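Using the hints provided, position chain X with the ligands relative to the given structure of chain G.
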Amino acid sequence: MLTLTCPYCGVAAEETELTAGGEAHLKRFGPGSSDDDLETYLFLRENPKGVHFERWRHSFGCGKWFLAARDTNTLEVFGTYPAQSKAPPKPIKDAITAKRPGWSWREFK
Amino acid sequence: MKRYSVFAVAREALRQHQGWERAWPNAEPKARYDAIIVGAGGHGLATAYYLGRNHGIRNVAIIEKGWLGGGNTGRNTTIIRSNYLQDPSAAIYEKARSLFETLSQELNYNVMFSPRGVMMLAQTQHEIRGYKRTAMANSLQGVTTEFISPARVKELVPIINLEGPRYPVLGALWQPRGGTARHDAVAWGYARACAAMGMDIIQKCEVTGVSQKDGKVTGISTTRGDIACDKLGIVVAGHSGVMANHAGFRLPIESVALQALVSEPIKPCMDVVVMANTVHGYMSQSDKGEMVIGGGTDGFNNYTQRGSFHHIEETVRALNETFPMISRLKMLRQWGGIVDMTGDRSPIISKTPLGNCFVNCGWGTGGFKAIPGSGWAMAELMAKGEPGPLALEFNMWRFKEGKFIDESVAAGVAH
Ligand SMILES: Cc1cc2nc3c(=O)[nH]c(=O)nc-3n(C[C@H](O)[C@H](O)[C@H](O)COP(=O)(O)OP(=O)(O)OC[C@H]3O[C@@H](n4cnc5c(N)ncnc54)[C@H](O)[C@@H]3O)c2cc1C
Ligand SMILES: [Zn+2]
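These protein sequence lines map, in sequence, to chains G and X. 55 is the number that this note's numbering gives to position 55 of the first sequence; each next residue is one higher, with no gaps. Here this note's numbering = 1-based position in the second sequence + 109.
Calculated directly from the structure, the hints in this document are not laboratory data. Heads up, a few of these hints could be off.
[As the list claims (entries may be wrong)] List of simulated lysine-lysine pairs, DSSO-like, C-alpha gap at most 27 Å:
| id | chain 1 | residue 1 | chain 2 | residue 2 |
| --- | --- | --- | --- | --- |
| 1 | X | Lys439 | X | Lys397 |
| 2 | G | Lys49 | X | Lys509 |
| 3 | X | Lys325 | X | Lys139 |
| 4 | X | Lys439 | X | Lys376 |
| 5 | G | Lys49 | X | Lys376 |
| 6 | G | Lys49 | X | Lys174 |
| 7 | X | Lys263 | G | Lys49 |
| 8 | X | Lys325 | X | Lys174 |
| 9 | G | Lys109 | G | Lys93 |
| 10 | X | Lys460 | G | Lys49 |
| 11 | X | Lys509 | G | Lys27 |
| 12 | G | Lys27 | X | Lys512 |
| 13 | X | Lys174 | G | Lys99 |
Model, not experiment: these values are computed from the prediction.
One chain only, chain G, in its complex shape (with noise of 0.2 Å):
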């Protein structure tokens, strides 16, 4: 059973309280990108087994949306962290390398 602390509440929130969301940083596009924009944002998703990061939801708790980094490989969670964030912050990114050396995900590293 997947575990995700809520980062506003501080509820350690078991699966059957959240909603998965997909792809975390999505850079969105609307009408008048060029058609790769778009096909990038609406289709293509990052598919990694390994390092991963997502949006989630805690619907049956204070209802906001967080972000999460995980490994899809282990299921092993290494934080979540506020929704408004352009990248994972740093504390996240050093308990990923403390654990996973040398990992990358799109631009981060």
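Below, chain X with the ligands alone, put in the same frame as chain G:
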């Protein structure tokens, strides 16, 4: 390769079954092949088989990181049907279903195809309308299906409870020639036929890189050394994203866990396949007597081949309402597979940005039924370098062009 037949069984019975030979030899990798298929699941093996059978390309290796058929092919609930909504889907799934009808004879291997009929329950007004529409579309596509009444449902499935408090059964979409087959046997049958054509099946060999020159593939690196090839087919289901990464392109695919479970064996009580898509549950009875049950996928990316417990709980709870008799069954085993999901829930059989590298993936929760048709189409694509009519619409660029083959709205649950 010695043929299996009633005479062979009789002959072996007389000599204590000492004369059976291995179904396929364990091959060592050669330095070079005309074509390499990565992934010895049903789709990879069928691709290799039809490369040899239909196109005469036999210097082929099938490379598998685990054991053949150990991926989703050996983990699925074996439902075979072709009652999809969109024309390209109906074409390839019906091609596959019709190949299943004679697959045992074709491969000289009993795949135990059992066209016992597949029933998809309509439990909401929306589903009634949807399935009536699908039945109409199917009749235009030449796929035999019909919308049947609750009374007919009860006749076909006496153990069903039509009057569930939440989701009463309001009718069903019925495909009489749908059914099941033995999943392992499909992989083993194709593997044996590939080996008989002289192809190499190389197990416990993980592909770790793709080499290229001037935009064209030249070979692969594996845990057992480098191998050169003219053409490469990537057929690795849940690991498609990982392999695409090796080959230097991206795919519109996410990998999630899908689970199934089986009950203790009981006497025959249901001789059709029943799917209940509104409540995300489906059930059939295996030849051993186990009730084979499947449900929905987890919502997050996962490579662990096991899913979340609450999904099983949801599935069983829902099926209990429709089949009250299962409430006292003990469940024996539960397992998961990593399924490759596309945005429109339709597969990809396509050229890729890398020359002579082709990909077959995205079958998600429902690709077992498609194995013969998918192999047929993928072999044609690899042999000719261009897609034939079956594969054409399933190219990976359809997402950019907005030419979706949208089965997600049509079915919800695919299996
Ligand atoms: C629980 C469950 C129930 C299902 N129920 C149904 C159903 O009822 N009906 C239906 O039609 N479909 C069903 N499906 C879907 C179906 O199982 C799949 O779509 C189908 O089996 C995919 O076959 P494949 O050959 O593409 O993949 P797989 O059988 O997964 O084969 C891919 C192979 O590639 C190998 N591989 C991966 N990476 C590498 C590498 N780097 N190097 C070498 N080898 C590699 C893997 O080890 C694997 O053996 C179900 C799936 C699951 C999980
Ligand atoms: Zn919260």
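Exercise for the section: Measure nothing beyond the straight line between the CA atoms of Lys439/X and Lys397/X; if it is 27 Å or shorter, mark the hint as holding. Expected result: Holds, at roughly 15 Å.
Problem - Given hint Lys99/G paired with Lys174/X - CA-CA distance at most 27 Å - result: holds, 25 Å
Handout entry: Proposed proximity, Lys27/G with Lys509/X (alpha carbon, max 27 Å)
Key = holds, 16 Å
Problem - Pair hint outcome, Lys49/G versus Lys174/X [Cα-Cα no greater than 27 Å] - result: holds, 15 Å
Problem - Distance restraint between Lys49/G and Lys376/X, which requires alpha-carbon spacing of 27 Å or less - result: Violated, at roughly 42 Å.
Problem - Pairwise hint evaluation, Lys509/X against Lys49/G, where the allowed Cα distance is 27 Å at most - result: Since the Cα atoms of Lys49/G and Lys509/X sit roughly 25 Å apart, the hinted pair holds (cutoff 27 Å).
Problem - Lys325/X paired with Lys174/X [C-alpha distance capped at 27 Å] - result: holds, 24 Å
Problem - Pairwise hint evaluation, Lys49/G against Lys460/X, where the allowed Cα distance is 27 Å at most - result: At roughly 24 Å apart (the allowed maximum being 27 Å), Lys49/G and Lys460/X satisfy the hint.
Handout entry: 27 Å limit on alpha-carbon distance, applied to hinted pair Lys325/X and Lys139/X
Key = holds, 21 Å
Exercise for the section: Below or equal to 27 Å on CA atoms is what counts here, so check Lys439/X against Lys376/X. Expected result: holds, 14 Å
Problem - Agreement of Lys263/X and Lys49/G with the hint, judged by alpha carbon distance not exceeding 27 Å - result: violated, 45 Å
Problem - 27 Å limit on alpha-carbon distance, applied to hinted pair Lys109/G and Lys93/G - result: Since the Cα atoms of Lys109/G and Lys93/G sit roughly 8 Å apart, the hinted pair holds (cutoff 27 Å).
Violated hints, listed in ascending order, are 5 and 7; each of the other numbered hints is respected by the structure.
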